[in-house]
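Residue numbers (this note's numbering), protein chains in the order written: chain W, 1 to 235; chain D, 236 to 506.
Incorrect hints may appear among the rest.
BS3-like mimics (lysine-lysine), calculated; alpha carbons at most 27 Å apart, straight line [claimed, not checked]: (1) Lys13(W) <-> Lys155(W); (2) Lys381(D) <-> Lys126(W); (3) Lys155(W) <-> Lys381(D).
The set of hints was computed from the structure by calculation and includes no laboratory data.
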Amino acid sequence: MLVLDNVDAHYGKSHVLHGVSIEVRAGEVVGLLGRNGVGKTTTLKVIMGMARRTGGRITFEGRDLQGVPPHGLAALGIAWVPEERRIFRLLTVLENLRTGLDRRGMTPARREALLDKVYAYFPILKERRNQAGGTLSGGEQQMLAIARAMVLEPKIILLDEPTEGLMPRMVAQIQEIVHALHRDGVTILLVEQNVPLTLDAAGRVYIMEKGTVRHHASAAELRADQRVIHEYLGV
Amino acid sequence: MVLAMVASGLTLIFGIMDIVNFAHGDLLMLGAFVGATVLGMTGSYWLALIVAAIVIAILGALLQITTLRPLIGRDPLTTILATFGVSLVVQKYALWQWGPSVRQISVPVGGDFNLFYLQYPWYRIVTALLAGLIITALWLFLKYGKYGIWIRATTQDRVMAQAMGIPVPLVYTAVFAIGSAMAAASGVLFGPFAGVTQTMGFDFTLRAFIVVVVGGMGNLGGSILASIFVSLLESYAAILVSPAQAVIVSFVVLVLTMLFRPTGLFVPTPK
Chain W
1 MLVLDNVDAH YGKSHVLHGV SIEVRAGEVV GLLGRNGVGK TTTLKVIMGM ARRTGGRITF
61 EGRDLQGVPP HGLAALGIAW VPEERRIFRL LTVLENLRTG LDRRGMTPAR REALLDKVYA
121 YFPILKERRN QAGGTLSGGE QQMLAIARAM VLEPKIILLD EPTEGLMPRM VAQIQEIVHA
181 LHRDGVTILL VEQNVPLTLD AAGRVYIMEK GTVRHHASAA ELRADQRVIH EYLGV
Chain D
236 MVLAMVASGL TLIFGIMDIV NFAHGDLLML GAFVGATVLG MTGSYWLALI VAAIVIAILG
296 ALLQITTLRP LIGRDPLTTI LATFGVSLVV QKYALWQWGP SVRQISVPVG GDFNLFYLQY
356 PWYRIVTALL AGLIITALWL FLKYGKYGIW IRATTQDRVM AQAMGIPVPL VYTAVFAIGS
416 AMAAASGVLF GPFAGVTQTM GFDFTLRAFI VVVVGGMGNL GGSILASIFV SLLESYAAIL
476 VSPAQAVIVS FVVLVLTMLF RPTGLFVPTP K
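Could you put together the complete structure from these sequences and hints?
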């Protein structure tokens, strides 16, 4: 579904991604593990057209993403939940969701149905729907970021470190949500530092180091043989 | 109140697009000329107001697409220079097209009423109300409208807005068009007070900038409060000194704001 083929990227003059190749098939949860600063987030940004790709190809459902404007990706079915969450802080929770709901071709009935669906996932957001996004707690902001991606009805969600800085109870809840999305047939590319969570949620895992993919295995293999994890992640 | 309207157009453009628009006052002037021309042809002031707003909105959109869109992401100085250039072109065009003489826009609502000892023209009240109405409409649109939410989301986080599928380049063009339309409408509203000349724009640009800075850049509510504040201050100062000297007061306020509260006077919590 989403294929990165030998992708290079630069920030200014520094070469940050070296020939990254990743494939995500429909319905899969794919994990992307690695230490800080190995290029995981940059990989997602390159897909979203926010970091400059200097080589290689990215295709989504067979279509080359070259030349698709950043605002066109949502319509293709790609949603992004950034690491910093990037809630619209001065917009209310409902308005944050409306940025994705008020798109072309939406009927009021469908909007309502979608809203009910995300409120069912995240009841707390319904409670806080008229509160400014910036006043939510970290965990609630993370839920809002995921909910905001969900209202786009994406085929794939690029989920960047959703559990970073959250307390254990929230981490468990996010894990639950990843499972639920997977059951609903949403494809997920999950960037994480949390190894147990990734091995639990993902079917396959790529491990990155120094701007390139060093290892690729099924989560089951990695669970059985933790040496690779030790080698690349030091845990 | 007209100043508040000019300033809200400017602050909308600045806050959302990070564009310091030096041509804002000249779009106002052009709007006033278009208004005066339409008024001359049809005799209807209200038609002139609407036509001027629409014509200048279209012009603003074209201006944004041709001149400013290619500059997105460049040094802010380039947009300042570009809009300054546009300002000069528009002024010279107006001089060529309509000549150096002052055009009058006749007052659509005649009559005076007595305010204590003063004769006060009704038209001033109508203008203030109308400007207030337009600003309120803009506010409601930004607060509740679908596109209003798009605009506010874009202001806060352009990159995330794009990721949510909001067509940011289109939002920019639309915002510039709305700002231009507000400038044009202000020009037609203000026309009857002092007449329409090709140099009337600069004064407005300057005063609108003072208001925008004092009110907090990109902050609509702040700009409106600041414009009332600055206008009142100037009027009171005009009682004590001559009206020409009273203008100095605004500049003093501007300098003091820049020194002690550079984020603006009417911003809740400067961060």
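Hints, one by one, checked against the model:
no., hint, result
1, Lys13(W) <-> Lys155(W), "violated, 34 Å"
2, Lys381(D) <-> Lys126(W), "holds, 20 Å"
3, Lys155(W) <-> Lys381(D), "holds, 24 Å"
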